[in-house]
Structure formats: structure tokens, C-alpha cells
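Spelled out, the chains give:
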Amino acid sequence: MALSEAGIGRIRELFSRYPDKRSAMLAALRIAQEEQGYLTEEAMGEIAVLLEQTPVQVYETATFYTMFSLQPLGKHVIQVCRTLSCALVGADGLVRYLEQTLGIKAGETTPDGLFSLKTVECLAACGAGPMMQINDDYYEYLTREKIDRILADLKRDGRSSLATGPFVIPLQMA
Amino acid sequence: MPNYEKILLKNMETPGYTGDLAAYERAGGYQAIRKVLKEYKPEQVIETVKKSGLRGRGGAGFPTGTKWGFIPKDPALTKYLCVNADESEPGTFKDRQLIDRDPHQMLEGTLIAAYAISAKVAYIYIRGEFALGARLLERAIVEARAKGYIGKNVFGSGIEIEIWVHRGAGAYICGEETALLESIEGKRGLPRAKPPFPAINGLYQKPTVVNNVETLSNLPHIIMRGPEWYAAIGTQKSPGMRIFSVSGHVKRPGNYEVPLGISLRELIDEHAGGVRDGHRIKAIIPGGASAAFFTPEHLDVKLDFESIAQAGSMLGSGGVTVMDETTCMVWAAYNLLGFFHHESCGKCTPCREGSAWLYHILERIEHGEGRPEDLAQMERLCGNIAGKTVCAFGDAEVAPILSTLKHFRDEYEAHIREHRCPIGEGVVALAAR
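Sequence lines, in order, name chains A and B. Heads up, the first sequence stops at 480 in this note's numbering, and the numbers go up one at a time, no gaps. Heads up, the second sequence stops at 1274 in this note's numbering, and the numbers go up one at a time, no gaps.
For reference, chain A alone in the conformation it holds in the complex (with noise of 0.2 Å):
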């Protein structure tokens, strides 16, 4: 099996939100893909059972939406924002630097299997840029000492504090 016990356990709660199973799906995805870093053709095959669908609804489904992922990635996935408001404000120069600092390219894994790094679209986030996200958190108003600490953090802690907490801009509202 590629879910887990648990995993299956936490899809099929979800069942009784929804008339139909299948709505499910991207929640099924998601705890897949937390399982096991990206989707298995296993695990897609696991839930297209679970959710009374056939794999290509699944698999179709899967990789329609920008945040599954069918090849491994690393333990920190950066996503920089590159859309307009972002690349008036340095997004291209945040890959350059996050290029350089990692020795990767957009799109590549480190070696050591600790970053990945890719470029999205809006993330609404478009008055703190430079922004990115990495995992769950955003990171926001960047510069290169910032980026600095964040790696630095994550590398040592799993984690970083200088991620963005519950959203207000500007800051002096708060």
C-alpha cells in the first residue's frame, strides 16, 4: 500500500462533507502527496478506489493543478513568484540569487535532496514582493540577507521565523 492506515482514514472522513466521493479528490491528493513527497502512480491508483473513480480521473485531475507533483522534490520546495507586480520589485533578481545561492537552476533539485526551485504564478502576496513560498509558509519583502537567514534556518531547524504570519499591508496598520 502506498497511503497509510491514517491516510486512508483521513480521506474517507472527509466523505461525509460532499454528496459525492469524488469531491474529495484534491484533499486525497494532497495527503498523498504529503505521504510521500510527490504522487505515486500507487498511490493514485489507491485513491482512484478509494473515491469510486478510474485512474485516469485521478491522474487527469492530478496533474492539472500546479501544486502536485509526479517527480520526487526536495524537502524545502521554493516557489518564486514571477508574475508583474512581483517582477517590478526584483522577482527576476530573487531567482538569480536563489540560483547562485543554491548552485541549482530554476526547475532543479540540490544534490542533497534539501531544496527545489521553481517559479509560480501570483500568489497574492503582490505588495510584499520579492516574495516566495516554501512549503506551507510565504516569505515576504525579501532581500539577500533575508533569503540568507531563511536557508540558513532551514537548514538547521526544518523551519524559520521569519515566515509570514496571519497577512496585513501595510505593516504599520497592524
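Calculated from the structure, these hints are not laboratory results. Remember, it's a predicted structure, so these values are computed and weren't measured experimentally. Beta carbons are placed, not taken as given, at the ideal position from N, Cα and C, and that holds for glycine. Hints are supplied without guarantee of correctness; some may be wrong.
Once the Cα atoms are required to be at most 16 Å apart in a straight line, the calculated EDC-like pairs of lysine to aspartate or glutamate come out as [unchecked claim]:
(1) Lys-1247(B) x Glu-1138(B)
(2) Lys-882(B) x Asp-915(B)
(3) Lys-1047(B) x Asp-326(A)
(4) Lys-327(A) x Glu-1026(B)
(5) Lys-1188(B) x Glu-366(A)
(6) Lys-327(A) x Glu-1023(B)
(7) Lys-381(A) x Glu-340(A)
(8) Lys-1092(B) x Asp-1110(B)
(9) Lys-876(B) x Glu-866(B)
(10) Lys-381(A) x Glu-414(A)
(11) Lys-381(A) x Asp-463(A)
(12) Lys-1028(B) x Glu-366(A)
(13) Lys-882(B) x Glu-1001(B)
(14) Lys-1143(B) x Asp-1110(B)
(15) Lys-381(A) x Asp-459(A)
(16) Lys-1028(B) x Asp-326(A)
(17) Lys-1143(B) x Glu-1107(B)
(18) Lys-1143(B) x Glu-1098(B)
(19) Lys-1028(B) x Glu-358(A)
(20) Lys-1247(B) x Asp-1215(B)
(21) Lys-461(A) x Asp-418(A)
One side of the interface only, derived from the structure: several residues of chain A facing chain B at Cβ under 10 Å [what the hints assert, rightly or not]:
(22) Gln-359
(23) Ser-391
(24) Pro-472
(25) Ile-475
Given chain A, work out where chain B should sit, using these hints.
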């Protein structure tokens, strides 16, 4: 700077406001839903919202009460409310703040809307990347459910309203309301052909309303202070306050809540601090990436649905992106077509193929490899996309090109003539600290 009474951002701008249930109730929260359950029939809620003039804050600006009024009254039919929290329109970041900082305000609005259309279940479709927002909403729902505000017997009224958070997984198109419904059904987010409209044939083929986070957040205030009060704010046809997200080359990027109908100049200069020092404005996108570019000569256009449309763009999502003279307009259009090319869902051929062609033509122009016939070619392509697709994405993807061609055609011509970007492919360096 003109100081307007805040409505939606008021709680969160109060020092020490935590956004939890106790804080929300101390600020007067959950009184509107109590009032509605005690004093209003569902039709009266719809009438009240119609009278307020509230229009959808997601982008299209459709009158909210009218939308609700399309829902069949047949009690035998299951109805659904879906909350559009898929905020993905480039330049827009207001719903994220409403979700993170005042989730109960939005939940109370959700309860009011669900009651108005007699929906027993509401799904909040939140974009997958908002992991923190989803957690905060889940926590707020748990708090409200524990007090009996959400669930089988809302405030002891005997009415059932359940609210579930449904996370997306990365797809701009799921902000389109029928694609959103497909996504909740566990499918690829492909927009449906309309009609039938969701009010008749929506989620699971049942009557459904889809409302934006900001739209719903207005409802408790309209109930408590009355539709006449609300209708008196803003302009006659675009009443109320609006949160504008301002980004780009301004001194104070941020979310600013102002009455509809103030000028673009006031928003940029007085609220967002104006363009950065030593620079001047070159272009403005007034309503998210799907809206046509404006130039400085549009700065006195009023920010309401009618005025912006009359001036050739749209109020859209309220995302205002400001660009100064260091910005190459071909590069800006190329950047945005990168977005549209990536996000086209692939359902309609004109959009799927057209966005790729437009992207590649812009790419070669920006990189100095443009051909003299490229501009006419792009215009022809745009004409074969706009209005020829199932959803509004087709119209959106041509807006940056047609508007920059209109206002900055000489810049395109210079790229082609000089075989380079005259402004230079400005990779903005990252600040050291």
C-alpha cells in the same frame, strides 16, 4: 489624506484585535446573523441586499441581491453556497487579509448569505497556496461550531447551515465560478458553458450561488446599519466601500479601503504614498491583470464600475498595479502573457493556442527578434480570442496586449526596428537588506 470610516478593515486595524471569536464578538460580531434569524425571512434578506446596491467584489460586479434572487424557491431543491476565496488575479491581495485577520466577519457573511438562499451547506473554496488562511478559517469554524453558530441548529433557530473549507491546488482558472464548481466536484477546473447558470444548475447540478470573500464580509454591516446607509456610500451605481490592493512602484503598497468613486490619483498619491521618489507614473493596471492598461492621463478616472469601463478598462478585482518610467511596456505585456499562457485551462482552442502564440511573439519582440508584421499578427490573434471562449479568460488575456499596443505602440515599433529592448531587460537586483 482623506480619512474614510473603515468598515471591513475596521476590526483588524483596532490595536490588539486577534480575530478570534471572542474578539469578533466584542467588536459587535455575530449580531447581524442573530438579527436576521430572528427578524427576517430569507426573501427579506435578499430584498435588503438588493436595496443596498451591493455588487460582487470578485471582479464582475454583478448585483449580489439579484444573483441570490435567481435561486429557485422550491424547498424540495437542495441549494449550495460557495465562497470564492481563490484570490489569484495578479495584483490582488485583499481577500487574503480578510481571511487571515478577520475570518469570523467573513463567516458571519457566509451564514447570512446561506440563510438568504436557504442553503444548508456552504463550501469555502480557498486557493491551495493559502495554507495559513485555510488553517485560520478551520480554526474559526471550529470555534463557531462549538458555540452552535454553525451546524445543525444555528443559534438555536432550528436552521441548519454547515460550512466546510475546501482547498484548491494551484489553478488560476478556479476563480472563475463554474471552474470553481468543477474543482469542488473533484475535477479539473474547466469552466462550464453558460447557460445554464449556477443559480439553476450549479454545484452537483443544484442551484448554487458563488460569492467572493469581500462581498460576503460586507453583509453583517449592511444588516446592522441598514441598506440605506450602505447605498449612500460610494456612487449611486457602485455603492459601498472597496478594498483596493495597490502594488508596484509606489511608496506604500497595501490594501486600502475607500469609498467607490474616488479617483485613481487619490488612491495612488494619497493612500499608497505616490510613485517612488524621483520617478513618474507610466502605466497603471486598475483592476487586476485582466484589465486594460491605463496611462497617466487616466489618473482622474473615478474608481467605480461605470467610470472605469467608460474609460476603456475595468474595476475588476480591485488590484491596482503601478509602473513607473523604468518599465518596458513590451516586457510588462510579455510577463503577463507568461501568466495567461501558463494558466489557460486548455478547454477552448482560441485561448489555449492563442495564448501560446501571443506569448511567443511577445517573447521574440522583447528579445529583439520581432518582425514588422508581428503587431498586426497579434491584433489578428487577439480578435480571434476575445469573445470566442467559454469564459472571460479569453477577453482577459488580450487586454494587456491590445491596451499596450494602443497606448505604447511606438515602444513595440522601437523594439522591432532596433532589434533590442530600448529600456533594457531590466532585471531588478535584489536589495541587500
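Each hint, compared with the structure:
no.: 1; hint: Lys-1247(B) x Glu-1138(B); in the structure: holds, 14 Å
no.: 2; hint: Lys-882(B) x Asp-915(B); in the structure: holds, 15 Å
no.: 3; hint: Lys-1047(B) x Asp-326(A); in the structure: holds, 13 Å
no.: 4; hint: Lys-327(A) x Glu-1026(B); in the structure: holds, 9 Å
no.: 5; hint: Lys-1188(B) x Glu-366(A); in the structure: holds, 13 Å
no.: 6; hint: Lys-327(A) x Glu-1023(B); in the structure: holds, 14 Å
no.: 7; hint: Lys-381(A) x Glu-340(A); in the structure: holds, 11 Å
no.: 8; hint: Lys-1092(B) x Asp-1110(B); in the structure: holds, 9 Å
no.: 9; hint: Lys-876(B) x Glu-866(B); in the structure: holds, 14 Å
no.: 10; hint: Lys-381(A) x Glu-414(A); in the structure: holds, 13 Å
no.: 11; hint: Lys-381(A) x Asp-463(A); in the structure: holds, 12 Å
no.: 12; hint: Lys-1028(B) x Glu-366(A); in the structure: holds, 8 Å
no.: 13; hint: Lys-882(B) x Glu-1001(B); in the structure: holds, 15 Å
no.: 14; hint: Lys-1143(B) x Asp-1110(B); in the structure: holds, 14 Å
no.: 15; hint: Lys-381(A) x Asp-459(A); in the structure: holds, 14 Å
no.: 16; hint: Lys-1028(B) x Asp-326(A); in the structure: holds, 12 Å
no.: 17; hint: Lys-1143(B) x Glu-1107(B); in the structure: holds, 9 Å
no.: 18; hint: Lys-1143(B) x Glu-1098(B); in the structure: holds, 15 Å
no.: 19; hint: Lys-1028(B) x Glu-358(A); in the structure: holds, 13 Å
no.: 20; hint: Lys-1247(B) x Asp-1215(B); in the structure: holds, 15 Å
no.: 21; hint: Lys-461(A) x Asp-418(A); in the structure: holds, 11 Å
no.: 22; hint: Gln-359; in the structure: holds, 8 Å
no.: 23; hint: Ser-391; in the structure: holds, 4 Å
no.: 24; hint: Pro-472; in the structure: holds, 4 Å
no.: 25; hint: Ile-475; in the structure: holds, 4 Å
In this structure, every one of the numbered hints holds.
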